[in-house]
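Using the sequences and the hints given, assemble the complete structure.
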Amino acid sequence: MGFFVEVLISGLMAGVLYSLVALGFVLIFKASGVFNFAQGAMVLFAALTFVRLLDILKDTFAPITLALIITIAMMIMLAIAIERLVLRPLVNQPGISLFMATLGVAYFLDGFGQTLWGSDIYTLDIGIPKGSIFIFESIFEGGVLVAKEDLVATVIAGVLVVTLAIFFQKTRIGRALRAVADDHQAAQSIGIPLNYIWVIVWSVAGLVALVAGVIWGSKLGVQFSLSLIALKALPVLILGGFESVLGAIIGGLIIGSGEKLAEIYLGPYVGGGIEYWFAYMLALGFLMFRPQGLFGEVHIDRV
Amino acid sequence: MFYREAGQFKTSYKADQAVFPIFQDKIFVAIWLFIGFVVVPMLASEYMFRAIFIPVIIMALAAIGLNLLVGYCGQVSLGSGAFMAVGAYAAYNFMIRVPELNPLICFLLGGLSATVVGVIFGIPSLRIKGFYLAVATLALQFFTDWTFSRIDWFTNYTPSGSIAVQPIEVLGLVFDSPIRKYFLCLVFLVIFTIIGKNIVRGRIGRAWMATRDMDVAAEIIGIRPVYAKLSAFAVSSFFIGVAGALWAYVHLGSWEPLAFDINLSFSILFMVIIGGLGSIVGGMLGAAFITLLPLFLNQLPVWLGINISTAMISHLEFMIFGALIIFFLAVEPLGLARIWQITKEKLRLWPFPH
Chain A
118 MGFFVEVLIS
128 GLMAGVLYSL
138 VALGFVLIFK
148 ASGVFNFAQG
158 AMVLFAALTF
168 VRLLDILKDT
178 FAPITLALII
188 TIAMMIMLAI
198 AIERLVLRPL
208 VNQPGISLFM
218 ATLGVAYFLD
228 GFGQTLWGSD
238 IYTLDIGIPK
248 GSIFIFESIF
258 EGGVLVAKED
268 LVATVIAGVL
278 VVTLAIFFQK
288 TRIGRALRAV
298 ADDHQAAQSI
308 GIPLNYIWVI
318 VWSVAGLVAL
328 VAGVIWGSKL
338 GVQFSLSLIA
348 LKALPVLILG
358 GFESVLGAII
368 GGLIIGSGEK
378 LAEIYLGPYV
388 GGGIEYWFAY
398 MLALGFLMFR
408 PQGLFGEVHI
418 DRV
Chain Y
8 MFYREAGQFK
18 TSYKADQAVF
28 PIFQDKIFVA
38 IWLFIGFVVV
48 PMLASEYMFR
58 AIFIPVIIMA
68 LAAIGLNLLV
78 GYCGQVSLGS
88 GAFMAVGAYA
98 AYNFMIRVPE
108 LNPLICFLLG
118 GLSATVVGVI
128 FGIPSLRIKG
138 FYLAVATLAL
148 QFFTDWTFSR
158 IDWFTNYTPS
168 GSIAVQPIEV
178 LGLVFDSPIR
188 KYFLCLVFLV
198 IFTIIGKNIV
208 RGRIGRAWMA
218 TRDMDVAAEI
228 IGIRPVYAKL
238 SAFAVSSFFI
248 GVAGALWAYV
258 HLGSWEPLAF
268 DINLSFSILF
278 MVIIGGLGSI
288 VGGMLGAAFI
298 TLLPLFLNQL
308 PVWLGINIST
318 AMISHLEFMI
328 FGALIIFFLA
338 VEPLGLARIW
348 QITKEKLRLW
358 PFPH
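Protein sequences appear in the order of chains A and Y.
According to our numbering, the first sequence is numbered sequentially starting from 118.
According to our numbering, the second sequence is numbered sequentially starting from 8.
Think of the hints as simulated: they come from the structure by calculation, not from any bench.
Here a beta-carbon is modelled for each residue, glycine too, at the ideal position from N, C-alpha and C.
There's no promise every hint is true.
Now the in silico label distances, taken between C-beta atoms and shown as ranges [claimed, not checked]:
#, chain 1, residue 1, chain 2, residue 2, range
1, Y, 16, A, 406, 22 to 32 Å
2, A, 310, Y, 198, 34 to 44 Å
3, A, 414, Y, 127, 22 to 32 Å
4, A, 119, Y, 160, 36 to 46 Å
5, A, 415, Y, 171, 49 to 59 Å
6, Y, 107, A, 415, 53 to 63 Å
7, Y, 40, A, 406, 48 to 58 Å
8, A, 386, Y, 127, 17 to 27 Å
9, A, 305, Y, 220, 37 to 47 Å
10, A, 386, Y, 177, 39 to 49 Å
11, A, 235, Y, 312, 23 to 33 Å
12, A, 119, Y, 130, 38 to 48 Å
13, A, 345, Y, 44, 34 to 44 Å
14, A, 201, Y, 39, 36 to 46 Å
Structural data, given as C-alpha cells:
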C-alpha cells in the first residue's frame with residue numbers, strides 16, 4: 118500500500134508539471150482560439166535565456182532577480198513580435214493554418230534559442246532543495262518517499278495557478294481576457310482592443326513557460342529535449358478540455374498518476390516503456406465518452 | 008491568349024466529365040509526363056535522383072494521401088508518419104514471411120495494412136472533432152513508434168531493431184540503380200494520382216467535401232458520416248502506407264523506427280498546408296518545396312562562401328525554415344496550388360489583360 122501511494126504521489130507531482138505546460142496552451146487557446154504548438158519551444162527558450170543570463174550575471178549583486186527580469190522582458194518582447202508578425206497577418210484564417218504557423222514559430226524559436234545561447238546541456242540551480250524525504254510515516258509502514266524538488270515544484274505551481282485565477286477573476290485586464298475568450302466580436306464592440314489582449318495573453322503564456330522551464334530545467338537540466346515536453350502536455354490538454362484552466366490542472370493530475378501507475382503495474386506485462394503512449398491512449402479513451410474533454414465547452418453545431 | 012477555353016465546346020457527356028476539360032491542360036500534363044519520363048532520366052545525375060527526385064516523388068504520394076483526409080474530408084491527422092511506418096513494416100513482414108510474393112504486391116499489402124489501422128484509428132473521428140482529433144491521432148503516432156521499437160516480431164528479431172533490405176526484384180528486373188528506382192516511384196505516383204483525382208471528383212469525394220464543409224449539414228442531406236469519414240481514413244492511409252513502403256524500400260534501404268517519427272508526420276502536414284489544402288497538384292508542389300528547402304538551406308552557406316560550424320547551420324536552418332513557413336502562410340494561406348491557379352487565371356488574359 119505504501120508503495121502504491123508512493124507511485125501515486127510521484128505521478129501526481131509529475132502531473133502538476135504537465136499541467137504547468139498545458140496551462141500555457143489553455144490561456145492562448147481561450148483568448149485567441151490558436152492552438153499554440155510553440156508552447157514547448159517557449160519553455161525551452163525561456164529556460165535557456167534564464168540559465169545563460171544567470172551565468173553572465175553571476176558577479177552582480179542579485180543574479181537571479183536580474184536574470185528573471187530580463188527573461189520576462191524578453192518573453193514580453195517575444196509576445197509582441199508574435200502578435201505583430203504571426204497573428205496579425207493571419208487573422209481570420211482557419212485554425213489549421215494558425216496551428217501550422219505556431220509550428221513555424223516553434224521551429225524558429227528552437228533554432229533561435231540555440232543560435233543565441235548555444236546547444237549544450239546547462240544545469241540550472243536556483244536553490245531548489247534536492248534529495249528526498251519520507252512523509253506519512255505514521256500512516257504507512259516505512260513511510261512514503263518523495264523528492265523535495267517535486268514538493269517545491271508543486272507549491273510553485275499551486276501559487277501560480279491561484280495567482281492566475283485571481284488575475285482572471287478580479288482584475289480589469291482579466292475580465293477583458295475572459296470577455297475576449299467568450300466572444301471576439303462582442304468584446305471588440307465594447308471597446309476591448311484585441312491586439313493588446315493577445316499581447317498580454319502571449320506574455321502571460323510566456324511567463325508560465327518560464328516557470329515551467331525553470332522547474333523542469335532544474336529537474337532535468339536545460340537542454341533541447343525541454344521543447345518536447347509540449348508533447349507530454351497535449352494529452353493533458355485534450356483530457357481536460359482546451360478552454361479550461363481547471364481542466365488543465367485536473368487533466369495533468371490524471372495523466373501524471375495514470376501514466377506512472379500504468380508503467381509500474383501494467384508495463385512489465387507488455388514490455389515496458391508504455392509511458393510513451395499511455396497518456397494519449399488514456400486521453401483518447403476519455404474523449405470517446407466526452408468529446409470536448411472533461412471541462413471543455415460543449416460545442417453546439419448549428420446548420 | 009494561348010490558355011483559354013473559348014471555342015472548346017463540350018458536345019458529349021464524356022467530354023463534359025473529362026479530368027482536363029481544356030485542351031491546353033492536356034498538353035500541359037503531357038509535357039510534364041514527358042519531362043518526368045524522358046527528360047529527367049536523360050539529364051539528371053545519380054545524386055539528383057537519390058537526393059531530390061526519389062524523395063520528392065514518394066513524399067508527393069504521401070502528401071496526396073494526407074490531402075485526401077485533411078484537405079478533402081477535413082479531418083486533421085498528425086499520424087501520417089505512423090501510417091507510413093505501418094506500410095513499411097507490413098511490407099517488410101509480408102516480404103520476409105511470404106518470400107514468393109511479388110514485392111509490388113507486398114507494397115500494396117503494406118498499404119492495405121495501413122488501411123486497416125487507419126480505419127480503426129478513424130473511429131474516434133466519429134465523435135471527436137477538430138484539434139481534439141488532431142491530438143488524438145498523435146496517440147497512433149506514439150503507439151506505432153513504441154510497437155515497432157519494442158515488439159521484436161515486427162523487426163524479425165534483428166538485434167539492433169533496425170532493418171536493412173535488399174533491392175527489390177520484380178519479374179527478374181532488379182531495382183538497384185537510382186534511375187530504375189526513380190521510374191518505379193514515378194509509375195506509382197502517376198497511377199495513384201489518377202486514382203486520387205478520380206476519387207475526389209466522384210461521389211465519394213463529394214461526400215468528403217460536404218463533410219468537411221459542415222458535417223451536420225452533410226448528414227442532413229443524406230451523407231452518412233460513418234462512411235464518409237472512415238472511407239477518407241481508409242483511402243488516405245492506403246496512399247500513405249504505400250508511400251511508407253516505398254520510402255523504406257526504395258529511398259532508405261535500411262531504417263529504424265525513428266525514421267517514421269513525429270517529425271515526418273509534421274513535414275507531411277506542412278507539405279499539405281504549404282501546397283494547398285484540397286488540391287492534388289498542391290500535394291506535389293508542397294512535397295517538392297518542403298523536401299528541397301532543407302537541402303537548399305544546407306547548401307546555401309557553401310555557395311555563399313560563408314564558413315560556419317555545422318551546428319550553427321542546423322540551428323539557422325531551423326530558424327529560416329520556421330520563418331519561411333510563417334511567411335508563406337501569411338502571404339498565401341491557400342498554398343502553392345492557389346498561386347498556380349492565379350497564374351492560370353492570368354494566363355487566360357495574357358498578353359492582353361484588357
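Quiz prompt | Numbers of unmet hints, in rising order | solution = Violated: hints 1, 2 and 9.
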